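A.B. asks: Each chain, letter by letter, is given below.
There are 2 protein chains.
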Amino acid sequence: MLEDKNQSRTSLSELGEFGLINHLTKHFTIQHQSTIKGVGDDAAVLDKSELQTLITTDLLVEGIHFDLSYMPLKHLGYKSVMVNLSDVYAMNGSAEQITVSIAVSNRFSLEAIEELYAGIQLACNTYKVDLIGGDTTSSNTGIVISVTAIGKVKKEDVVYRNGAKETDLIVVSGDLGGAYLGLQVLEREKQVFKVNPNNQPNLEDYMYIIERQLKPEARKDIPRLLKELEVKPTSMIDISDGLSSELLHICNQSKVGCKIYEDKIPLDPQVISTCEEFDIDSTMVALSGGEDYELLFTISIDDYDKIKGNPHLTVIGHITEEVTGLKLVTRANQELELKAQGWNSFTEGKN
Amino acid sequence: MLEDKNQSRTSLSELGEFGLINHLTKHFTIQHQSTIKGVGDDAAVLDKSELQTLITTDLLVEGIHFDLSYMPLKHLGYKSVMVNLSDVYAMNGSAEQITVSIAVSNRFSLEAIEELYAGIQLACNTYKVDLIGGDTTSSNTGIVISVTAIGKVKKEDVVYRNGAKETDLIVVSGDLGGAYLGLQVLEREKQVFKVNPNNQPNLEDYMYIIERQLKPEARKDIPRLLKELEVKPTSMIDISDGLSSELLHICNQSKVGCKIYEDKIPLDPQVISTCEEFDIDSTMVALSGGEDYELLFTISIDDYDKIKGNPHLTVIGHITEEVTGLKLVTRANQELELKAQGWNSFTEGKN
Numbered sequence: 000m001l002e003d004k005n006q007s008r009t010s011l012s013e014l015g016e017f018g019l020i021n022h023l024t025k026h027f028t029i030q031h032q033s034t035i036k037g038v039g040d041d042a043a044v045l046d047k048s049e050l051q052t053l054i055t056t057d058l059l060v061e062g063i064h065f066d067l068s069y070m071p072l073k074h075l076g077y078k079s080v081m082v083n084l085s086d087v088y089a090m091n092g093s094a095e096q097i098t099v100s101i102a103v104s105n106r107f108s109l110e111a112i113e114e115l116y117a118g119i120q121l122a123c124n125t126y127k128v129d130l131i132g133g134d135t136t137s138s139n140t141g142i143v144i145s146v147t148a149i150g151k152v153k154k155e156d157v158v159y160r161n162g163a164k165e166t167d168l169i170v171v172s173g174d175l176g177g178a179y180l181g182l183q184v185l186e187r188e189k190q191v192f193k194v195n196p197n198n199q200p201n202l203e204d205y206m207y208i209i210e211r212q213l214k215p216e217a218r219k220d221i222p223r224l225l226k227e228l229e230v231k232p233t234s235m236i237d238i239s240d241g242l243s244s245e246l247l248h249i250c251n252q253s254k255v256g257c258k259i260y261e262d263k264i265p266l267d268p269q270v271i272s273t274c275e276e277f278d279i280d281s282t283m284v285a286l287s288g289g290e291d292y293e294l295l296f297t298i299s300i301d302d303y304d305k306i307k308g309n310p311h312l313t314v315i316g317h318i319t320e321e322v323t324g325l326k327l328v329t330r331a332n333q334e335l336e337l338k339a340q341g342w343n344s345f346t347e348g349k350n
Numbered sequence: 000m001l002e003d004k005n006q007s008r009t010s011l012s013e014l015g016e017f018g019l020i021n022h023l024t025k026h027f028t029i030q031h032q033s034t035i036k037g038v039g040d041d042a043a044v045l046d047k048s049e050l051q052t053l054i055t056t057d058l059l060v061e062g063i064h065f066d067l068s069y070m071p072l073k074h075l076g077y078k079s080v081m082v083n084l085s086d087v088y089a090m091n092g093s094a095e096q097i098t099v100s101i102a103v104s105n106r107f108s109l110e111a112i113e114e115l116y117a118g119i120q121l122a123c124n125t126y127k128v129d130l131i132g133g134d135t136t137s138s139n140t141g142i143v144i145s146v147t148a149i150g151k152v153k154k155e156d157v158v159y160r161n162g163a164k165e166t167d168l169i170v171v172s173g174d175l176g177g178a179y180l181g182l183q184v185l186e187r188e189k190q191v192f193k194v195n196p197n198n199q200p201n202l203e204d205y206m207y208i209i210e211r212q213l214k215p216e217a218r219k220d221i222p223r224l225l226k227e228l229e230v231k232p233t234s235m236i237d238i239s240d241g242l243s244s245e246l247l248h249i250c251n252q253s254k255v256g257c258k259i260y261e262d263k264i265p266l267d268p269q270v271i272s273t274c275e276e277f278d279i280d281s282t283m284v285a286l287s288g289g290e291d292y293e294l295l296f297t298i299s300i301d302d303y304d305k306i307k308g309n310p311h312l313t314v315i316g317h318i319t320e321e322v323t324g325l326k327l328v329t330r331a332n333q334e335l336e337l338k339a340q341g342w343n344s345f346t347e348g349k350n
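If you read the protein sequences in the order shown, they are chains A and B. Okay, so the first sequence: first residue is 0 according to numbering that gives the first Met the number 0, each after it adds one. Okay, so the second sequence: first residue is 0 according to numbering that gives the first Met the number 0, each after it adds one.
Honestly, I wouldn't trust all of these hints.
Said to hold, decoys possible - Within a straight-line C-alpha distance of at most 35 Å, the following computed DSBU-like cross-link-like pairs (lysine-lysine) qualify:
1) A/K164 to B/K25
2) A/K47 to B/K231
3) A/K219 to B/K153
4) A/K307 to A/K254
5) A/K47 to B/K305
6) B/K254 to B/K153
7) A/K226 to A/K258
8) B/K263 to B/K189
9) A/K164 to A/K153
10) A/K127 to B/K254
11) B/K307 to A/K25
12) A/K338 to A/K307
13) B/K25 to A/K47
14) B/K326 to A/K219
15) B/K25 to A/K326
16) A/K338 to A/K263
17) A/K214 to A/K338
18) A/K226 to A/K214
19) B/K338 to B/K263
20) A/K307 to A/K154
21) B/K254 to A/K47
22) B/K25 to A/K153
23) B/K47 to A/K226
24) A/K25 to B/K153
25) A/K164 to A/K231
26) B/K254 to B/K73
27) A/K164 to A/K338
28) B/K214 to A/K47
29) B/K219 to B/K307
30) B/K154 to A/K25
31) A/K231 to B/K153
32) B/K189 to A/K47
33) A/K47 to B/K47
34) A/K47 to B/K127
35) B/K193 to B/K219
36) B/K47 to B/K307
37) B/K25 to A/K258
38) B/K25 to A/K231
39) B/K231 to A/K153
40) B/K153 to B/K305
Everything labelled a hint here was simulated from the structure, so no lab data went into it. All of these numbers come straight from a predicted model, not from anything done at the bench.
Based on the provided sequences and hints, a complete structural model is requested.
C.D. replies: Below, the structure written as structure tokens:
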């Protein structure tokens, strides 16, 4: 499928660890004045600031979080930055710096790692963040990527998971379920390819959902949009594990319940058609699929008019008192208990 | 040897990812007022500060950086924090927070991971740093630990690698070579144990060097000591890869050369006796051994009287002009070229 056809192959040991770091990071430029010292010393140095600092980190492991038989390394680099920036935006902040550490086996050539860093660089340029440090080392098998993102937020702007109040509206950005379905399509094509390597996949009908899986975009625009609309969410979280799981986090931490409506959950037409093709329930996909990296937040009902009709935002329900629990109201007007069935790396996959 | 004899074994999947994070971090307490929000949201939140922020990160991979057949998990947790704090101290700063991410295979029980976190907690309590976040996930093989440390430093106090000037004195804290030799002893005992598992190792004569390997301490005291002595180093780096490699970094970045004296390199008597036993050159061990986590720094010759006779500090040479290169003056008064032969994970070990 998307195998690396690049024939040139330089061994990582030819450069050594410091040579490798220098080689990989030399084309990165520093964009923030707050980055006083980036790569190249014992630690990076960031300037003092009147703002609060946000720190978040994620680990991506080959065979658990991604499969290189359909995930190009450049996309993997891009995505590994996105999943971290998304967490910064979910605090209503702006991302300014990242560190990237990788452990790679000798299966990977220098050219392969350059591809990974090309994706990281594209993410840095597009999202205006500085690569300020990291670590490169070998591993016995596969590749592990650890990214830490550093952001800034005004004290009065920071949004936690624990501020949702009864009657608040529940809002999501964009649409849900695409990333999970894109993965299903890629998994299917991988099986087809295994049987007949000459079979060229026709992925035209799935471009949107495949892009959602391979090249997700963190919602940098949402904190800015909310600022423009003069709306401060009462709680916010990014949707990495599926809508149910994230709602559970907000409700648990805010000590509230919620009611969401099946017919309000935003779905792309390609998600609906592909769900029909795969004979799976699109609501289930939106609730449990994960990896969409949209933002889920709650706002005061008084702010409804400010967001009404905004094409990026959909109200899917409202916060209730804690005793009523988490409820999904189906299209048939049935009330179902919402359970978190988000992705758990310890029970799924080849662990 | 140091195998875990603990018979109780809880599968990680029983808790799930969020349950696991909560379980592992619930006994950690926040010690810094600057930590506004630690574990439990999309990102940690740190308060604004008049100081500059230091960020550093390291990745430790099983089979590359450690061998669990003689590295107890509690020590591994402790050491994984030390290697990062050491980088903060090498900037002349103070460490305040860490994030810890782990990827573990299902070979590890909950009880094993609890041991790892007990070591992390001991490090946090001893060094007064807050655990503020991280990620836990599964891996297909082995364990990977990624730690990011966050520190603070006054703008006028920060020390880079690039400030060394001709005639500056070169100083190291503590003594060198112990960690590498401790590893050699542990490797030898592992081989003995393989042949006869009933053979109980007698490690009494090697306690200091084994502790240097298994439970290194980052030199938090040195930045404070230098402040008390009213000495600001002109350059500084921590000794993680061996004295030669670190000197090369300082000389390269400062565009200077250096001359160090073999008979000045501080060695513990146990290092000398064990080198004799293993028939290896103790100077070579100090130059290339690594993992001592001492600090290497340069000071103006005008500050010599302030540090003279301090039991923690040893002057081992001085900075020269760049063209003279990096020189070791042997006990026989010969001048040898210093080469960085520090540890390179891409060429050594089972990569």
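A.B. asks: Does each hint hold? Answer for all of them.
C.D. replies: Verification of the hints:
Proposed proximity of A/K164 and B/K25 is supported: the alpha carbons are some 26 Å apart, at most 35 Å. Among the hinted pairs, A/K47 with B/K231 is consistent with the structure: their alpha-carbon atoms are about 21 Å apart, no more than 35 Å. Distance hint between A/K219 and B/K153 is fulfilled; the C-alpha atoms sit about 31 Å from each other, no more than 35 Å. Taking the CA atoms of A/K307 and A/K254, the gap is about 27 Å. The hint holds against a cut of 35 Å.
Distance hint between A/K47 and B/K305 is fulfilled; the C-alpha atoms sit about 31 Å from each other, no more than 35 Å. With a C-alpha separation of about 25 Å, the suggested pairing of B/K254 with B/K153 holds against the 35 Å cut-off. Distance hint between A/K226 and A/K258 is fulfilled; the C-alpha atoms sit about 26 Å from each other, no more than 35 Å. With a C-alpha separation of about 33 Å, the suggested pairing of B/K263 with B/K189 holds against the 35 Å cut-off.
As the CA atoms of A/K164 and A/K153 are separated by approximately 22 Å, the hinted pair is consistent with the 35 Å bound. Between A/K127 and B/K254 the CA atoms are separated by roughly 32 Å; this keeps the pair inside 35 Å, and the hint holds. Only pairs whose Cα atoms come within 35 Å are accepted, and B/K307 paired with A/K25 is rejected, the gap being roughly 41 Å. The straight-line distance between the Cα atoms of A/K338 and A/K307 is roughly 28 Å, inside the 35 Å bound, and the hint therefore holds.
Note on B/K25 and A/K47: the hinted pairing holds, with a Cα-Cα distance of about 31 Å set against a maximum of 35 Å. A hinted pair counts as satisfied when its Cα atoms are at most 35 Å apart, and B/K326 with A/K219 does not qualify at roughly 52 Å. Our distance criterion of 35 Å between C-alpha atoms is met by B/K25 and A/K326, whose separation comes to about 29 Å. Taking the CA atoms of A/K338 and A/K263, the gap is near 18 Å; set against the 35 Å cutoff, the hint holds.
A threshold of 35 Å between alpha carbons decides the hint, and for A/K214 with A/K338 the separation of about 28 Å falls inside it, so the pair holds. Of the supplied pair hints, the one linking A/K226 and A/K214 holds, its CA atoms being roughly 26 Å apart against a limit of 35 Å. About 18 Å separates the Cα atoms of B/K338 and B/K263, which keeps this hinted pair within 35 Å; it holds. Straight-line distance between C-alpha atoms of A/K307 and A/K154 comes to about 27 Å, which keeps the hinted pair within the 35 Å bound.
The suggested pairing of B/K254 with A/K47 holds, with an alpha-carbon distance near 29 Å, which does not exceed 35 Å. Using a Cα cut-off of 35 Å, the hinted pair B/K25 and A/K153 holds, with the two alpha carbons roughly 28 Å apart. Between B/K47 and A/K226 the alpha-carbon distance is near 21 Å, which keeps this suggested pair within the 35 Å criterion. Of the supplied pair hints, the one linking A/K25 and B/K153 holds, its CA atoms being roughly 28 Å apart against a limit of 35 Å.
Restraint check for A/K164 and A/K231: the C-alpha separation of about 13 Å stays at or below 35 Å, so the hint holds. This hinted pair does not check out: B/K254 and B/K73 have alpha carbons roughly 41 Å apart, beyond 35 Å. A threshold of 35 Å between alpha carbons decides the hint, and for A/K164 with A/K338 the separation of about 20 Å falls inside it, so the pair holds. Restraint check for B/K214 and A/K47: the C-alpha separation of about 33 Å stays at or below 35 Å, so the hint holds.
The suggested pairing of B/K219 with B/K307 holds, with an alpha-carbon distance near 20 Å, which does not exceed 35 Å. Distance check on the hinted pair: B/K154 and A/K25 sit about 26 Å apart at the alpha-carbon level, within 35 Å; holds. Distance hint between A/K231 and B/K153 is fulfilled; the C-alpha atoms sit about 34 Å from each other, no more than 35 Å. Distance check on the hinted pair: B/K189 and A/K47 sit about 49 Å apart at the alpha-carbon level, beyond 35 Å; violated.
Distance restraint check for A/K47 and B/K47: the Cα-Cα separation of roughly 8 Å lies within the 35 Å cut-off, and the hinted pair is therefore satisfied. A C-alpha spacing of about 22 Å is found between A/K47 and B/K127, which places the hinted pair at or below 35 Å, so the restraint holds. About 38 Å separates the Cα atoms of B/K193 and B/K219, which puts this hinted pair outside 35 Å; it is violated. About 39 Å separates the Cα atoms of B/K47 and B/K307, which puts this hinted pair outside 35 Å; it is violated.
About 30 Å separates the Cα atoms of B/K25 and A/K258, which keeps this hinted pair within 35 Å; it holds. Only pairs whose Cα atoms come within 35 Å are accepted, and B/K25 paired with A/K231 is accepted, the gap being roughly 30 Å. A hinted pair counts as satisfied when its Cα atoms are at most 35 Å apart, and B/K231 with A/K153 qualifies at roughly 34 Å. Only pairs whose Cα atoms come within 35 Å are accepted, and B/K153 paired with B/K305 is accepted, the gap being roughly 22 Å.
Violated hints, listed in ascending order, are 11, 14, 26, 32, 35 and 36; each of the other numbered hints is respected by the structure.
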